[in-house]
Amino acid sequence: MDNRELIVKLNNLKTINPDSAWLANNRELLLSQISNSGAENISAWKAVLINFSSVARIASRPVFSLGVFILLLLFGSFFGRSLFLNAKPNDSLYIAKIISEKLKVNTTFNTQERDKLALQFATEHAQAITSVLSDPTFNNEANKDQVAKLNDNFKEEVATVQNKFDKLDASKKMTRPGTANPKLNSDFTLIDDNVVIADSARDKQGIQLIDSAASQIKAEEVLESTKASSALSSLAAKEAKINLASSTGNIASSSESAPEVNKNGASQILDEAQKLFDQKDYSQASKKLKEVEEIIK
Amino acid sequence: MSNLVQKFKDRQVLSRLKNRDKEAFIRVYDQNVKDIYRFVYFKISNREEANDLTSMIFLKTWNHIQNKTLEDAKTLRALLYKIARNSIIDYYRENNGKQFTSLDNQDNKLEIIDESQNTPEDLDKKTNLNLIKSKLPLLKDEYREIIIMRFINDLSLEEIADISGKNRGNVRVLLHRALNALRELIEKDQGSNNE
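For the record, the sequence lines run as chains A and B. The opening residue of the first sequence carries number 1 in our numbering; numbering runs sequentially from there. The opening residue of the second sequence carries number 298 in our numbering; numbering runs sequentially from there.
Looking at chain A on its own, in the form it has when it is part of the complex (with noise of 0.2 Å):
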């Protein structure tokens, strides 16, 4: 005879029960004396607070309480700020609404898309007070206090959003080729007027250097069948010079030149926005604003 064999034997032994009339009879009988020593059937309400109080013992254990936090977070990162979308400065919920952006925002682990987000959500603050501001069923001097509040806030969200554009140009700048990358000086040499194009045809690395003087011979190609084909073609052969010399001595200072002009057009409109703003010019300081989020976009 082995253990397991032993093991299922002794598991027979359950089959060995009480009586089941002494089972019932001292039922009762303990149940009278229980009852004796003041023992009772507890209301409801009171059962229910029983209940509450056994899950938050059992919540209250490290482990689980970690297990919720983290589960909140998770809601709360990707769901809370759907749920209290429609929530307005002046609104008890809006609080909800900045803690659930900040979550998302905290649990965006990748910087350029952090500020990206802080960026938007700082706009879409600044948008929100503008039109609860432009209310005025609001905007009266019952709600002064709140009104110079949200002027504060507002001139706070507007900072941010500028705060956050020179954030993400600084950090654009920094990726950009050729200055942050020492590596691609290294193993290229750039003359002037190189241009760096990213296309289907680059290299190993990824990066193709187009010859100032082929781009220039292409171009003149180009010139002399336009020549050729057309009257009209001389106009656009002025056209085609035109082009060729911006495409030869400009594109690159254009093309690194752009994220330059979205930021000093959004620092622009955003000062007139505050501006606006400042004149009690709401709904024109919205448009501006949406303008900006354009931009981000």
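In case anyone wonders, no lab produced these hints; they're calculated from the structure. The structure displayed is predicted, hence computed values, not measured ones. Warning: the hint list may mix true and false statements.
Stated by the list, open to error - One side only, chain B facing chain A, incomplete, derived with CB under 7 Å: (1) Tyr334; (2) Lys485; (3) Ser489.
Said to hold, decoys possible - Here chain B is said to cover these stretches of chain A; the calculated rule only asks that three of the stretch's residues, wherever they fall, bring their Cβ under 8 Å from a Cβ of chain B: (4) 47-56; (5) 111-125.
Unchecked claim - Capping the alpha-carbon separation at 35 Å, the derived lysine-lysine pairs in DSBU-like fashion look like this: (6) A:Lys102 - B:Lys423; (7) B:Lys306 - A:Lys290; (8) A:Lys46 - B:Lys379; (9) B:Lys432 - A:Lys46; (10) A:Lys9 - B:Lys306; (11) A:Lys275 - B:Lys423; (12) A:Lys46 - B:Lys485; (13) A:Lys9 - B:Lys463; (14) A:Lys9 - B:Lys423; (15) B:Lys430 - A:Lys14; (16) B:Lys315 - A:Lys14; (17) B:Lys379 - B:Lys357; (18) A:Lys144 - A:Lys88; (19) B:Lys331 - A:Lys88; (20) A:Lys46 - B:Lys423; (21) A:Lys46 - B:Lys430; (22) B:Lys463 - A:Lys14; (23) B:Lys315 - A:Lys9; (24) B:Lys357 - A:Lys9; (25) A:Lys280 - A:Lys290; (26) A:Lys9 - B:Lys331; (27) B:Lys379 - A:Lys14; (28) A:Lys14 - B:Lys304; (29) B:Lys432 - A:Lys9; (30) B:Lys437 - A:Lys46; (31) B:Lys331 - A:Lys104; (32) B:Lys463 - A:Lys88; (33) B:Lys485 - A:Lys9; (34) B:Lys357 - A:Lys46; (35) B:Lys304 - A:Lys46; (36) A:Lys280 - B:Lys357; (37) B:Lys485 - A:Lys14; (38) B:Lys304 - A:Lys9; (39) B:Lys463 - A:Lys280; (40) A:Lys88 - A:Lys155.
Each residue gets a CB set at the ideal place from its N, CA and C atoms; glycine is no exception.
Chain B: place on chain A using the hints.
Only chain B this time, still in chain A's reference frame:
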């Protein structure tokens, strides 16, 4: 997850008992009375005494809970077994160490559910049970107790450790030794019968 639900239920019943809830006590009684009876019965080997002791154990548990001394056991089941152990010790003390060594006498016929079907398998099962039942009292008290808790009443190692005041490793070793001791007794008996 089921572990968490069990903990919640335990906590809920304990809180209800502390609030003198009659219903909760009856639920505890219904859930545990057969196990406690079996535990007592295999230890004192007397049906009538086991009935009285079982009843007393539940009453003592109720009083223990009302005196707010519940925190000394991890679960309610562990508390019941602890009180049962102490009650059995008191019982032996009162009877001056008198011990019923046989469970297999004329007064204590083994009850097997569905006895109407007396097939050869049933008879074999009955014989095996009687054999084990007769050998259990011959084991050391410590071994017998651990075998009852683990293999008859299905307590977990944690619960047994909590009840007996040992750690899990010790309980495991003790179980192994207890099983070996019981097997030796049975094999010895079978060997002498064959001769």
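The hints, checked one at a time:
1. Tyr334: For tyrosine 334 (chain B), the interface hint holds, since the closest Cβ of chain A sits about 4 Å away, which is under 7 Å.
2. Lys485: 11 Å, violated
3. Ser489: 15 Å, violated
4. 47-56: holds (count 6)
5. 111-125: Answer violated; 0 residues pass the 8 Å Cβ test.
6. A:Lys102 - B:Lys423: 70 Å, violated
7. B:Lys306 - A:Lys290: 55 Å, violated
8. A:Lys46 - B:Lys379: Since the Cα atoms of lysine 46 (chain A) and lysine 379 (chain B) sit roughly 29 Å apart, the hinted pair holds (cutoff 35 Å).
9. B:Lys432 - A:Lys46: Given pair lysine 432 (chain B), lysine 46 (chain A) is violated - Cα atoms ~50 Å apart, limit 35 Å.
10. A:Lys9 - B:Lys306: Holds, at about 31 Å.
11. A:Lys275 - B:Lys423: 98 Å, violated
12. A:Lys46 - B:Lys485: Violated. Lysine 46 (chain A) to lysine 485 (chain B) sits at ~59 Å, over the 35 Å cutoff.
13. A:Lys9 - B:Lys463: Given pair lysine 9 (chain A), lysine 463 (chain B) holds - Cα atoms ~26 Å apart, limit 35 Å.
14. A:Lys9 - B:Lys423: Distance of about 10 Å is within 35 Å: holds.
15. B:Lys430 - A:Lys14: Between lysine 430 (chain B) and lysine 14 (chain A) the Cα gap is close to 11 Å, so the pair holds against 35 Å.
16. B:Lys315 - A:Lys14: Holds - the C-alpha atoms of lysine 14 (chain A) and lysine 315 (chain B) are around 31 Å apart, at most 35 Å.
17. B:Lys379 - B:Lys357: This hinted pair holds, its Cα atoms lying about 11 Å apart.
18. A:Lys144 - A:Lys88: Judged against 35 Å, a Cα distance of about 17 Å means the pair holds.
19. B:Lys331 - A:Lys88: Violated - the C-alpha atoms of lysine 88 (chain A) and lysine 331 (chain B) are around 63 Å apart, more than 35 Å.
20. A:Lys46 - B:Lys423: Status violated; Cα separation ~49 Å.
21. A:Lys46 - B:Lys430: 46 Å, violated
22. B:Lys463 - A:Lys14: 25 Å, holds
23. B:Lys315 - A:Lys9: 39 Å, violated
24. B:Lys357 - A:Lys9: 33 Å, holds
25. A:Lys280 - A:Lys290: 17 Å, holds
26. A:Lys9 - B:Lys331: 18 Å, holds
27. B:Lys379 - A:Lys14: 20 Å, holds
28. A:Lys14 - B:Lys304: 25 Å, holds
29. B:Lys432 - A:Lys9: Given that 35 Å is the threshold and the Cα spacing comes to 12 Å, the pair holds.
30. B:Lys437 - A:Lys46: Status violated; Cα separation ~47 Å.
31. B:Lys331 - A:Lys104: 55 Å, violated
32. B:Lys463 - A:Lys88: 61 Å, violated
33. B:Lys485 - A:Lys9: Holds, at roughly 17 Å.
34. B:Lys357 - A:Lys46: 25 Å, holds
35. B:Lys304 - A:Lys46: 20 Å, holds
36. A:Lys280 - B:Lys357: 79 Å, violated
37. B:Lys485 - A:Lys14: 24 Å, holds
38. B:Lys304 - A:Lys9: 31 Å, holds
39. B:Lys463 - A:Lys280: Violated, because 78 Å separates the two Cα atoms, which is more than 35 Å.
40. A:Lys88 - A:Lys155: 17 Å, holds
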